[in-house]
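Got chain A; can you put chains B and C on it based on the hints?
Residue numbers (this note's numbering), protein chains in the order written: chain A, 277 to 563; chain B, -18 to 224; chain C, 8 to 328.
There could be a bad hint or two in this list.
Said to hold, decoys possible - Straight line, CA to CA, 20 Å or less: simulated DMTMM-like cross-link-like pairs of lysine to aspartate or glutamate:
1. 540(A) x 242(C)
2. 82(C) x 240(C)
3. 82(C) x 158(C)
4. 540(A) x 493(A)
5. 82(C) x 137(C)
6. 540(A) x 137(C)
To be clear, the hints were calculated from the coordinates, so they are not data collected in a lab. This one's a predicted model, so the numbers in the text were calculated from it and none came from an experiment.
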Amino acid sequence: MDIVAQTVASGVLLGLILALSAAGLTLIWGVMDVVNFAHGDFLMLGMYASFFGWAVLGLHPLAAVPGVVVVLGAFGVLVYLAVIRPVLRGSVLAQIFATFGLGILLRGVAQFAFSADYRQIGDSSFATGSFAVGPVHLGIPQTIAALGALVVSGLLFALLDRTTVGTALRATAEDRRAAELMGIDTGRMFALSWAVGAGCVGAAAGLLATYFPIFPDVGAVFGLLAFVTVALGGFGSVGGAMLAGILIGVITSVAGLVFDPAYKFTVAYLLYLVVLVLRPQGLLGRA
Amino acid sequence: MSPLLEVDGVTKHFGGVLANDDVSFRVGEGEILGLLGPNGAGKTTLFNCITGFLRPDSGRVHFAGVDVTGRSPSRLARDGLVRTFQIVRVFPDLSALENVLIGALLRHPPVDAARRRALAVLDDVGLAGRSGMRARDLTTAERKRLEVARALATDPRVLLLDEAMSGLNPREVADAVALVRRLRERGLTIVLVEHVLEVVMPLADRVVVLQEGRTIADGTPAAVSQDPAVIEAYLGSRFVVPT
Amino acid sequence: MRLGSGLPLLALVAAAILYPLLFGSPAAINAGVLVLLFASLGTAWNLLGGYAGQISFGHAVFFGIGSYTSTILLKEAGLSPWAGMLAGAALAALAAVLLGLPTFRLAGHYFAIATIVIAEIAHTVVRNVDAVGGARGLFLPILPTSLLNYEFHDSRLPYYGIAFGLYALALAATLLVERRRMGHYLRAIREDPIAGQSVGVSVLQYKLAAAALSAALTALCGTFYAQYVLFIDADSVFPLSLSILIALTAILGGAGRAYGPLLGAAVLIPLSEITRISFGGTGRGADLVIYGALIVLISVAQPGGLVAFGDSLRRRVLRPA
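Same shape as in the complex, but just chain A (with noise of 0.2 Å):
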């Protein structure tokens, strides 16, 4: 039974991040319609970022995350200018080409550039070790990267929810056309919603860095399971994202301990196929 709860605890940890990550990518779906393939490459990307930060700046990885998140955001907005916007007006499949491309682009460039090599974070002035909440052992550094993922998500919520420019999002995600006669720059709110939702994906990245081996292919996994837990909470339900990821987070986790750890994603893979299939607003998405 403890096995169990730490099983779920650590899912949580995980699954915390990974809601974070996901908000940022079912941001930019609901708010433009368009699916950012390389989204796990931009993790990658905030991962290396946070590691030469450390390496080449000595910069703290969790005092990074502010950086890394405006990198990013940057990094997203000139996507969005020089890869999406001039694709907005193709077919779908020139959008879905895009943006996939893109993110092969990147892995091939991190490949290049950083080599294959695994890399991690880490010197003894850094917290380590676990501690103890009853049964369960949490790490400290997975702790501390969950309640920061904790922090930023209410920062996002906030944005999103009580100021003005948060409002034109939600405004321009529901209804373009309504949000155009309202007098909102679609194209202004397009670019936000790459820098919002890349910043987002910066700060889970900045986060996961603290403890999580950094290597090229690293935004394989984290970027398929990111599409479950935005088909799980439903397209452009930041708040379905978040309790999603939380879930697949522990299901996850759950699944290695019941099944072969092997099977670990597959069962998240499945997990898509059959919401998509059967559910597919998921838990909170409109139609």
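Structure of chains B and C alone, referenced to chain A:
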């Protein structure tokens, strides 16, 4: 003579609204029926229910005596029931000829035969000169006409036209009306959803008026335009049917 | 038009025959085999992705089904690889229909992700089930050189010939589909499935047909690969990178155009070999950079791929100044 198309008590909730509320009417073979009503009256939803794009919550649709409720649109097209769309849906990157060809292939699987049929239909509707042009490069009126041509190429028995006249200038409307009359002379049965009263009233044999999902009138244009309920809801003041 | 349609075919056959005569080294023949293999794979993919507009990033699953089916039947039942090839194709077609039924109504993005996910599931399962070799993979029995055995040890030329045969088959299927009703219906489905339905196109039926044909052809290539390399494992026949490469040959060359994938393969395979040779150990990264950049460029500048690029060149050249 039994009606060719029978709509019986069709009810449909759509988008949280009761879009069609127990709608019933009949269309006889060779008739032109006008389906009128203000925006939001449920006309397009009704079309969707009749042609299989939506499944009615209750009620039935009979075509040539057979219950076809819930059949797929492609099956209904094969049966002879075809519709056009309120916002024109031609295949934008295909040529006009290819557009109509897709329709013709239904009854003429060999591509050569279908192509010949398509050319004939294009000529029929007056678009022969545009056969090689990409559909997206045609004018609105031409695209609407193309959509009708594509539907005609399937040799339908009933054609449902959803706002075929909207967005056309008076000259284009006159051409369209002439086309509809020509089609009826060939034995086609036509149901027209329309806004433009001046167009529909002289054209239709019978008219059904919808309001907020319900039928409020069903009869000849002359009779319906005198109906006080219709006047209050829709016409605003006494409307004289132009001859 | 008449002369035009015959010319590319003639040129193709001539080039295919001349190539091994001019470049006879084993390395060159191998390159030729790879180009033809990926041209076949891309052409098969094109039927579903290019013509029907259903973008799949998981086609490796059919490649894997083909290679594993024939190999297992060979090892366990001594079944001729040729028969095994047909069995693999049938199984792949069945899988395509079963997978397509629930997923074809998904919109473009969601469908693409579903294909990735399905292939990943297959990849993981096959890698972990010992009954089909698991992580160790399967070694094919070494049999004497013969066409019947589908194995040739003295020269790679017979493989080259079979690869060309596979491509010819895939191309023939494409050209046939293009010219008949199915080809037109698939184009309609790609342009506007709802409009198509309104004039009698049974969208699901035709998508399933395209998928089954595409899967079967892909599976044939899978068996060929198994017989060529004589070893298969989950990581070599089911990976996402293979699915991407397959899609890329068609996208780069021209999705929805009959000769597009051949063009794409003719560019990508040599490119991949060159980057591997030039950059040695880190060659892997460089070819990804090029692939990725190519895909982005194509989607932004010329979604029609190299074929469309050639079209516009031809138009510009032929247009009187």
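A quick look at each hint next to the structure:
no., hint, result
1, 540(A) x 242(C), "holds (18 Å)"
2, 82(C) x 240(C), "holds (14 Å)"
3, 82(C) x 158(C), "holds (14 Å)"
4, 540(A) x 493(A), "holds (18 Å)"
5, 82(C) x 137(C), "holds (15 Å)"
6, 540(A) x 137(C), "holds (18 Å)"
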